[in-house]
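Participant: In order, the protein sequences belong to chains B and L.
Using the UniProt record's numbering, you'd call the opening residue of the first sequence number 1 and step up by one each time.
Using the UniProt record's numbering, you'd call the opening residue of the second sequence number 1 and step up by one each time.
Don't take each hint at face value.
In the DSS-like style, the derived pairs of lysine-lysine whose C-alpha atoms are separated by at most 25 Å in a straight line are [claimed, not checked]:
#1 B:Lys13 <-> L:Lys105
#2 B:Lys89 <-> L:Lys68
#3 B:Lys92 <-> L:Lys21
Calculated from the structure, these hints are not laboratory results.
One-letter residues, chain by chain:
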Amino acid sequence: MSHILSAQNVNKKFGSFQALKSVNLNIDKGKIVGLIGPNGAGKTTLLKSVLGLDSCEGDLKVLGIDPFKKRADLMKEICFIADVAVLPKWIKVEQLLHFTEQTHPNFSVEQAKQFLAKTKIKMTHKVKELSKGMTAQLHLAIVMSINAKLLVLDEPTLGLDILFRKQFYDNLLNDYFDNERTIIITTHQVEEIEHILTDVVFIREGEIVLDANMDELTSSYFEVMVNQDNYEAALAHKPLTMRKVFGKHIMLFHAHSREEIELLGEVQRPSVSDLFVALMQEESA
Amino acid sequence: MNTFKALLMREYWEHRGAFLKTPLIIGAITIVILLLAYFTTERFDLKINSGQAIELGAKQLENIDPEKITSALDIFMLSTGSLYHFVLFIVIFFFLLGSLYDDRKDGSILFWKSLPVSDLQTVMSKLVTAIIVVPLMFTACLIISHLAFYLVLSVLLLFNGVNPFTLLWANIDYINNWGAFLIGCLAQAAWALPIYGWLLFASSFSKRRPFLLAVFAPLLAGFVWYWYNAIVEFNVLKIGVLKTIGVLMAKATTPFTSGLGFDFENVDFDPTQQTNLELIRTMLNGLTSSNIYYGLLFAAVVIALAVYVRRFRNTT
Numbered sequence: 001m002s003h004i005l006s007a008q009n010v011n012k013k014f015g016s017f018q019a020l021k022s023v024n025l026n027i028d029k030g031k032i033v034g035l036i037g038p039n040g041a042g043k044t045t046l047l048k049s050v051l052g053l054d055s056c057e058g059d060l061k062v063l064g065i066d067p068f069k070k071r072a073d074l075m076k077e078i079c080f081i082a083d084v085a086v087l088p089k090w091i092k093v094e095q096l097l098h099f100t101e102q103t104h105p106n107f108s109v110e111q112a113k114q115f116l117a118k119t120k121i122k123m124t125h126k127v128k129e130l131s132k133g134m135t136a137q138l139h140l141a142i143v144m145s146i147n148a149k150l151l152v153l154d155e156p157t158l159g160l161d162i163l164f165r166k167q168f169y170d171n172l173l174n175d176y177f178d179n180e181r182t183i184i185i186t187t188h189q190v191e192e193i194e195h196i197l198t199d200v201v202f203i204r205e206g207e208i209v210l211d212a213n214m215d216e217l218t219s220s221y222f223e224v225m226v227n228q229d230n231y232e233a234a235l236a237h238k239p240l241t242m243r244k245v246f247g248k249h250i251m252l253f254h255a256h257s258r259e260e261i262e263l264l265g266e267v268q269r270p271s272v273s274d275l276f277v278a279l280m281q282e283e284s285a
Numbered sequence: 001m002n003t004f005k006a007l008l009m010r011e012y013w014e015h016r017g018a019f020l021k022t023p024l025i026i027g028a029i030t031i032v033i034l035l036l037a038y039f040t041t042e043r044f045d046l047k048i049n050s051g052q053a054i055e056l057g058a059k060q061l062e063n064i065d066p067e068k069i070t071s072a073l074d075i076f077m078l079s080t081g082s083l084y085h086f087v088l089f090i091v092i093f094f095f096l097l098g099s100l101y102d103d104r105k106d107g108s109i110l111f112w113k114s115l116p117v118s119d120l121q122t123v124m125s126k127l128v129t130a131i132i133v134v135p136l137m138f139t140a141c142l143i144i145s146h147l148a149f150y151l152v153l154s155v156l157l158l159f160n161g162v163n164p165f166t167l168l169w170a171n172i173d174y175i176n177n178w179g180a181f182l183i184g185c186l187a188q189a190a191w192a193l194p195i196y197g198w199l200l201f202a203s204s205f206s207k208r209r210p211f212l213l214a215v216f217a218p219l220l221a222g223f224v225w226y227w228y229n230a231i232v233e234f235n236v237l238k239i240g241v242l243k244t245i246g247v248l249m250a251k252a253t254t255p256f257t258s259g260l261g262f263d264f265e266n267v268d269f270d271p272t273q274q275t276n277l278e279l280i281r282t283m284l285n286g287l288t289s290s291n292i293y294y295g296l297l298f299a300a301v302v303i304a305l306a307v308y309v310r311r312f313r314n315t316t
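The task is simple: from the sequences and hints, build the whole structure.
Facilitator: Here it is in structure tokens:
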């Protein structure tokens, strides 16, 4: 089993709508992969197939298991948070922990209690009595107490304020992640997670448009901050995108003509969100 | 680790009110009715006879043939039992209708599915809750309610100078009446299984209103079948599907009568026999009917479909 996840020619149709178009993707152990795409690009469809929540055509294996056929087996080794609001409202925290302990062979209830001790959540609370942020903390505490090989987070911090979001990713990185584990994250708040990612996958209209390692990605593109004087010269190199900040033009280029353009202004590392916007526009142009 | 037990506990936690409080509240209501009846009678008695009639009446009780007291108590225990069966069916009806729908509606299905529990186990836990766990809880609550009722009655008897032990407690046929209720639960589960399976399917399949699918789809099928026979075959008496639904509903709501046939000749019930034992005998006889196997077959098919749909339907 070389890859944690391997997808070969995966397709998914809803009626006549092709939600996934021959997706090929391999994810290795120890990576934190950001799956990034606009609304309706097929991120959730892909993740649903990966998690065994829906069927798909093609060859999809997660930890060597066919997810849709053997979801229950797969869930012993992976876990996921699909949205903040998915914990049942009526359940008490202690019941939730007890249930998870009874059904999950790799769950440590002591560890979950340790995580929860750092929060304001009490064992006697019902989920409906918790705030949105606390519900996310509770869910994260459960998920982090599961010794899983793969963790999938689909918009885990949707609707949370910035403090909770930051804490959420801090906890994830400091208390959970190690090189034995693999994480796949989708979110619209790319700038908040780009510093923790090792790899990014861009998906657009059901197709993978980019699958690269972060270092590779940031070295194959670069941004130049150009003065008004060099504007025309820089424009001649056909930047991918351009934006104006404080009277200066920030242009994004492919790395192949770097040596010439470098001289025209101050070079910076592009952010994933800028690259994302650039690549999405390039594809649709 | 005990997945299936945890799944059953889960249903209990979520539906404690319906499974436990409902039967206890009915028990409390029977006691309230007893007290109201007693105090109303006493009030009239005080007004008309300055309170002697009740005392005299109570004394008269001691002269009644104990067998007659037993049979009166049988009637009380069996009729409250029948009420419990009916309520049990209603409780299970709505429990099953929501069982594979509510978690899709609030999104919590994605949490349940993130645990290593298969969809077959999930659906089976709902079914076992419906045919075993809840009936046992209702049986326990019925016993508690009867005992509480008799305790209150004992106090009333004591007030009127009657010994409740010789008059009441010694004449109760505990085993056969409670046994009849329990076997009634078994007969109910067996006859209602196609209905329960259909409810699971409707709950798993429905995207918006499981109730409409569960109730109106079979009725529609029944009407179509009726009018097909009436118009094409010119047979206005053939009610087929609707009759089957009606018979199943009757047996599922009042399992005490589930052993009885529908024609006069088929009524296999002798009311001069000891009632509770006769009930048990006819219910068990009813279970040997071949019709029950068609029901079980239908239940197996729709439950399998419910599991199949559960695998990919995660939203509403």
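Participant: Confirm or reject each hint.
Facilitator: Here is how each hint holds up against the structure:
1. B:Lys13 <-> L:Lys105: holds, 24 Å
2. B:Lys89 <-> L:Lys68: Measuring from Cα to Cα gives roughly 53 Å; hence the hint is violated.
3. B:Lys92 <-> L:Lys21: holds, 19 Å
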